[in-house]
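Novice: Chains as they are written, first to last, in my numbering: chain A, 2 to 253; chain B, 2 to 253; chain C, 2 to 253; chain D, 2 to 253; chain E, 2 to 253; chain F, 2 to 253.
Worth double-checking, as some hints may not be accurate.
[Unchecked claim] A partial selection of chain B residues facing chain A, derived with a Cβ cut-off under 7 angstroms:
# : residue
1 : A5
2 : M7
3 : F38
4 : Q54
5 : W66
6 : I176
7 : P178
8 : L180
If you are wondering where the hints come from, they were derived from the structure by calculation, not from laboratory data. Here a beta-carbon is modelled for each residue, glycine too, at the ideal position from N, C-alpha and C.
If you want the building blocks of each chain, they are given just below.
6 protein chains.
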Amino acid sequence: MLLAEMNWPAVAALPKTTPVVIPIAAIEQHGHHMPVFTDSLLLGEVIRRAHEQLKTKVLFTPLMWLGNSEHHIDFAGTMTAAPRVYLDLLSNLIDNMITHGFQRIVLVNGHGGNHVPGQQVVFELRQKHRQRNDLLLLNATYWLLGGKPYELDSALEQRRMGHACEWETSMMLRIRPDLVTDLNKTVNVDFGNPFEPGSRGWITKERTPTGHIGDPRKATAEKGETLFSVFTADVVTYIERMLAWDGKSWNG
Amino acid sequence: MLLAEMNWPAVAALPKTTPVVIPIAAIEQHGHHMPVFTDSLLLGEVIRRAHEQLKTKVLFTPLMWLGNSEHHIDFAGTMTAAPRVYLDLLSNLIDNMITHGFQRIVLVNGHGGNHVPGQQVVFELRQKHRQRNDLLLLNATYWLLGGKPYELDSALEQRRMGHACEWETSMMLRIRPDLVTDLNKTVNVDFGNPFEPGSRGWITKERTPTGHIGDPRKATAEKGETLFSVFTADVVTYIERMLAWDGKSWNG
Amino acid sequence: MLLAEMNWPAVAALPKTTPVVIPIAAIEQHGHHMPVFTDSLLLGEVIRRAHEQLKTKVLFTPLMWLGNSEHHIDFAGTMTAAPRVYLDLLSNLIDNMITHGFQRIVLVNGHGGNHVPGQQVVFELRQKHRQRNDLLLLNATYWLLGGKPYELDSALEQRRMGHACEWETSMMLRIRPDLVTDLNKTVNVDFGNPFEPGSRGWITKERTPTGHIGDPRKATAEKGETLFSVFTADVVTYIERMLAWDGKSWNG
Amino acid sequence: MLLAEMNWPAVAALPKTTPVVIPIAAIEQHGHHMPVFTDSLLLGEVIRRAHEQLKTKVLFTPLMWLGNSEHHIDFAGTMTAAPRVYLDLLSNLIDNMITHGFQRIVLVNGHGGNHVPGQQVVFELRQKHRQRNDLLLLNATYWLLGGKPYELDSALEQRRMGHACEWETSMMLRIRPDLVTDLNKTVNVDFGNPFEPGSRGWITKERTPTGHIGDPRKATAEKGETLFSVFTADVVTYIERMLAWDGKSWNG
Amino acid sequence: MLLAEMNWPAVAALPKTTPVVIPIAAIEQHGHHMPVFTDSLLLGEVIRRAHEQLKTKVLFTPLMWLGNSEHHIDFAGTMTAAPRVYLDLLSNLIDNMITHGFQRIVLVNGHGGNHVPGQQVVFELRQKHRQRNDLLLLNATYWLLGGKPYELDSALEQRRMGHACEWETSMMLRIRPDLVTDLNKTVNVDFGNPFEPGSRGWITKERTPTGHIGDPRKATAEKGETLFSVFTADVVTYIERMLAWDGKSWNG
Amino acid sequence: MLLAEMNWPAVAALPKTTPVVIPIAAIEQHGHHMPVFTDSLLLGEVIRRAHEQLKTKVLFTPLMWLGNSEHHIDFAGTMTAAPRVYLDLLSNLIDNMITHGFQRIVLVNGHGGNHVPGQQVVFELRQKHRQRNDLLLLNATYWLLGGKPYELDSALEQRRMGHACEWETSMMLRIRPDLVTDLNKTVNVDFGNPFEPGSRGWITKERTPTGHIGDPRKATAEKGETLFSVFTADVVTYIERMLAWDGKSWNG
C-alpha cells in the first residue's frame, strides 16, 4: 500500500500491526557520470519492486530524498540536512507513525551517510517510548542485509558498496541509462582507509576529486539487474520477518 | 532544469544568478475523499507546468513532501516535521543552495501550514548572511501570488483556498480523478473563524470532523484546469521577476 | 486591569474567560529623527487608550519591549532577541498565562518584525495544548486589523505601514513631539521591492541608509491622532470579539 | 542617558567606553499585600535615582521586566522565561550592546532568581568573545553590593533580602503605598533552610503559602527611603568603578 | 557506599532517603607547577576521607572529572564541556538518581567554574520536578561551606580559594608531591579585580600568564593536611544535615 | 603519557601529531552478579595495558565513565547522559583536543551503547572542521577491532560481546574477582533478536529480567586474561596505525 495514495480513513482502518516502511535516501553528488538523485532513484526501484511483492500487507510512505550528506557538500548540487537536523527529521518521520498507532516501523535506507543516524534514531525513539512493550523500530540499509551479489554474478568485482561505483552505476544503467554519462572517462578510485574496522570521520573531497569511489567502468546493466534482485529479495525478506513477529517479545 | 537529473559538474557550471526553485508541500489528511499526498501532487503539477515554460533558465530541486502539518496529526496518515524541525529543514534546504553559490532562491509553497514557517526562514537566513549584498531569498505560496481564478471562471464559488475544498478537489479531478472518492458524500464545511484578520492558532479537528474545509461537491475537472492555469502563470511570472532582478538592489 | 498593579490573589480570582492582552513591540532604530523606543511608545499609547475603554473586562500584561529586530542590528542602539529566542520568549509569555488557567490570550503587536513570529508561536502553542478545547490563542498586529485611516483623513498619503514613516512619525508627533528631531532633513524612501506579494528576507541597510522607509516629512500630529483613533478602535473591537466568543467553537 | 529616548546616530556617536546598564527584574507574585510588578518597580526606582546622578556618563537600557521566576509560577500572575530561555534572553541583551561596540556592560539586577543566570551569562559571553581584550561584562544584584542598611537605621530588623519582606515592602511604601494592601493581615515567614551556605533548589510554595518570606508588618516608608539610599549609592559606586576602569587590565 | 562497586539489586535495595553524593571537579591547567587533574585529585581526597566517615549511610557516585573550564581553554591540556552542555551534564547526573527514586542529592563540587552551573541546575531540576514535595537538591562547593582553615593554622596566608595557589598546592603536596614541580620558580599572582562583589566574566589568560592565581611558594604539606581536615569536616557535616532532614519541610 | 598527571606546558610541548586516546565507557547495571562500573573497570584495564606499551608516544585522557546508557535506566544505579547530551559530550571531548592543536584523536570505547554515538560524533566533527586537511578522527570499540579471542582459547563459547556475559564476567574475574557475586545463581540469556543484521531500538528490560545477556556461569579468570590480551593487542595495533599515518592522506 502506498500511503501517498490513501485517504485518512483508509489509513485509520489498517491493523496497527501493519509494517510501515519509510524509505530514506539522499540527493548528493555521484561523480561526473551520474546525477545527484542516484541514491533516491536506486532505492526507489528497490522499494518499487518490494512493493510489488508485498503490497497489501505493508504500508510504504514516500521516499525521503533529503539525507545526511554534509560530507559531499563541497560538490555542487548536493543537498543535506545538518547532522542533528537529520536526526530530528528521521525521528519525526517514525514518531508520526507511532502517533497513528503503528507498532512496526522500519527505515529502509539507501544512502551510506544515513546508516548511523538511522541507528541513533531507533535507539532514541525506543527510549522515548520505553513504556511501550509492543514497538518494533528498525533501521535497515539495503546493501547491508546480508546479500552477496558477487556470489551470484562472478563478473561483479566489487565486494561492498562504494559511491557511484561499479554497483551503483550498474543499477543506474539498468533503470536510467540516459542519466549515465561519459562512463569511459572515469577512473578507479580505491576504497582506501587503513583505519578500518574502526570508524573514521571523513569528507568526500579528501578521498576523491571526482566524487566517486570504486570503478564505474566495470558497470553493466546486467550486473545492475543482479544487484536489484539480491537487494530487493533482502528487503522483502526483512519486511516479512516484521510480519512474522509475535508482536511482543525480543525473540519472537 | 531538474536538479535531480544533473550531475555535480553540470550544477557547478551554472551561472550563480540562476534562480533556484525549492518546491515545498505536505503529506497530510485531505478529508474522506482525497489522498494524503494531495498538496504534493497539486504543487507537483504546478511545478511541472512552470518547468515546461522555464526549463533552461531555472533550477528546480525535488519537491519536499514533508511539511508543517502538526495541526492535522489527529487524522491518520498525516506526517509532519515538528514546528521547529520544519524551520531547520527549510533553512537547510535554502542554505545548501547558498553554499553552492546561488544567489536567488525561492521556496514555492503548496501547503498553508508552510507559509509562516517559510516567511520565518527567509527572514532568519537573510540575517545569517547579512554580510552578503547579492542575496534574494523568497517565500511564495502559489495561491497567494495575486491570482483570482474566480474572475476567469464564474462557476468557481470559493474565493480563497480552503482545505480539500472546491479548489483542491477540482485540481485533483483534473490530474488524478482516480484518487478522488465518494465526492457526493461530502458536505460543506464553512471557513468560519470570527478572529480574522488576526492570526489564530488552530487544530483541524476543532474545525471539521471529516478533515476538509469548504465544499468539495462543487469541484469539477474544468475548474481544476482554470486553477492550474492561473496558479502556474502566477508562479512563472514570479520566477521571471527573479530572472529580471538586477542582482543587487532592493528595488531592482 | 493592569497585571503589573495586581497581587496574585486578585489575579487568581479573575474568571478564566477574561481576555489577556500581551502587548509586544521593539526597541530598534527609527531613523535619524526618532528614538529607538518608537514602536514601544506607539503601541503603549494604543494599549493605554484601549485599556481606558476595556479596563474591568480585560487583563493587560506589561509591554514586552524587546522584539525581533535583527534586521536593524546594523544601526546602533537596536536591541533584539535572536530569531529563535524570540519565538521562545513569546511562547513563554503566552504559556505563563495558560498555566494560570486563562483561555483567551492575544499578542497585540506593534512591530512589523514580530508579526510572523507571533503567528508561528500561536500555531506552535495550539499544537502543544492540543488536548484543550477551550483555548483561543491570537496574534494581532494593530495596523493589520482592517483599519484604513487614509479613508478618514485624506491628508494621509501613505497606504500602509512603513518604518519611521508618515504614519509612525505622525503618531510620535501626537504623543512625544519632543523626541522627534530634524524632520525637515529627512527624505522620502520608497517602499520598493518588486517581489510582493511573496515574502522576501531583508536587512534594513539594503533598503535605506538612514533607517526609515516612507516620507516622515508628511507627518503631522493631527494625522497621528487619526491613526491612534483608528488603530485603537480596531484593537478594542478585536478584544471585544474575544469577549463575545462562546468559549468552545471555531465559529462561535 | 536613556537609550529609549535616543535615536541611532546619537547612540552611534557615544564613546565605546561608555558603561551600559541593563536593568533586569521580574513580574512575579509578591504575597497577598503587593503587586506582581514589585521587583520591577523597586529596581526602576533605584535606576531612576542612579540615572539622576550619572546621566551624561552612562547609557541605560529599558528595564527587562521578564525574569527567571519559575519557582513562583504556582502563584497566579507570575510570568517567567523558562530557565534556559532566560539565559538566552540575557545573553542577547548583552550581546546586542557588544555588537554596537560597547565594552563595559553591566546587568543591574533586582530579582533574586536572576542572580545565578546573570552570573552564568557573563561567564558564557566572556568565553564567546575570548579574542577580545577590552571587554568588561558584569552582573550586579543591587542588594548584594555590600550595603548594610541596618547599620544606618537600627529599626531595620531584617539582615538580608527576603521576598515581599520588611525590606521590599518598605521600599514599596516609599514609592507606591497605594499598591500595598492589608499589611496587617500578613504574618512572619521565617527564612528557614538548614542547608546554607550550600545552594538548594526550591519552589516558593514549599516555603510559604502566602508567597512572602520575612515579616512585611515591620515595613515603613522611612525604612524604604534608607534602603533606596543605600542601594542606589551602591549601584552608583559600582558604575563609577566601571567608568574608572583602565579599559584593558584585570586589576585596572 | 561506592556506587561503582555495587550491583543494581544492591542499589535498588537502598532506602530512598539515602543521601546521594555526586562529586564534580575538572581537568584544567593548574599552572606550570601542577597537573591538569589537580581539582579532581583534591576533591577525590576530600571525598575519600568523607566516605571513610559516612560509608554505610551515604551513596557516592564516581567523580565527574569533566568540568566547566572554558575560561582555561587557552592553556593546553584543559578539557571542558561547553557551558550549556555542562548544565545538561549535571542535570542528567542528578536526574538519573531521581529516576531511581532517591530524594536527597548533592553535587559536592571541587572546581570554582562549576559553582554557578551547579546552582543553576539545582534550580532547574527543582522546577522540573515541582510536583514532588520530598526532594532535596543541593549544590555545595567544598571550600565555601564555612570552613576557615586560616583560623586553625596561622601559617596559612591566603584567605580564600585561588587557583593552583597556596591552598591547592599545599593539598597536592600532602597527597601527590611527585606531581608538584618547580615550585620555587613560581611567583605571586594577585587575585585582583576591582569589581567585586559583583560577578565578572573572565578568561584565565587575562589574569595570569602562567595560569595560577595566588602564591604557590607558600604551600606546604602541613598546610595541606589542615585544609583537607577542615574541608572534609565541612563536607561531612553538610551530608549529616542531609541525613537529619525530616524529608518534607523547608526548615526540617 | 597520562594527561591527568601532566601540567599544561608539558602538554603544549607535545608534537601535534601525537595520537590522543579518549577512553569512553559507562556506569550501568551489569546484572545481579557484577557492579555498575564494570564497563569502566574493563576498559580501564585495557587502557592501562595499552598505556604500558605505548606510553611515551601517545597521550591518554582520563576515562569518561558516563556513557549512553538510557536503555538500562530501568535498573537501579545506572547513570546516563541523555542521547543528544552524550553526542555533545563526546563532541566536546574531541573538540577540546582539536583546540589544543592535536590532529589524531581516537575514542576508544568500552560500552556497546556508545558505539553509534561515537560514529555520529566523528562524522559531525569532521564536517565541522572541513577546512582542515590534517585531521584523523576515529571511533574504535575495543571488541570490534577484529580480535577473535575464541580462536585462541577454545574454552570460550561466546562468539561476540554480550552484556555481563561470559566475556565481561571473565575479565572481571581476572581483575576484580571480589566484585563478582553469586555467579552460580545466574542463568543463560540468549542474545535473541530475529532482526539482525538491521538495527533495532531496544531497552534492556525487554530482553532480560536480570540485566545480563549471555551466560556468566561460563566465565573464568583464565578466559579473562585471554580476552584482555586479545583486546589490548587490537587497541595497541590500532593506535600504532595512527602513529604510522602520513598525516595528510586518506590512504596514507
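Novice: For each hint, tell me whether it holds in the structure or not.
Specialist: These are the hints, each one checked on the structure:
Because the beta carbon of A5 (chain B) sits about 4 angstroms from the nearest beta carbon in chain A, less than 7 angstroms, this interface hint is met. Interface hint at M7 (chain B): satisfied, since its Cβ lies 6 angstroms from the closest Cβ of chain A, which is below the 7 angstroms cut-off. The interface hint given for F38 (chain B) holds, since its Cβ lies 4 angstroms from the closest Cβ of chain A, which is under the 7 angstroms cut-off. Checking Q54 (chain B) against chain A: minimum C-beta separation of about 22 angstroms lies over 7 angstroms; hint violated.
At its closest, the beta carbon of W66 (chain B) sits 5 angstroms from a beta carbon of chain A; the interface hint therefore holds under the 7 angstroms criterion. The closest approach between the C-beta of I176 (chain B) and any C-beta of chain A is roughly 13 angstroms, which is over the 7 angstroms cut-off, so the hint fails. With a least beta-carbon distance of about 13 angstroms to chain A, the hint placing P178 (chain B) at the interface is violated under the 7 angstroms criterion. This hint holds: L180 (chain B) has a C-beta 6 angstroms from the nearest C-beta of chain A, less than the 7 angstroms allowed.
Checked against the numbered hints listed earlier, the structure breaks hints 4, 6, 7; every other hint is satisfied.
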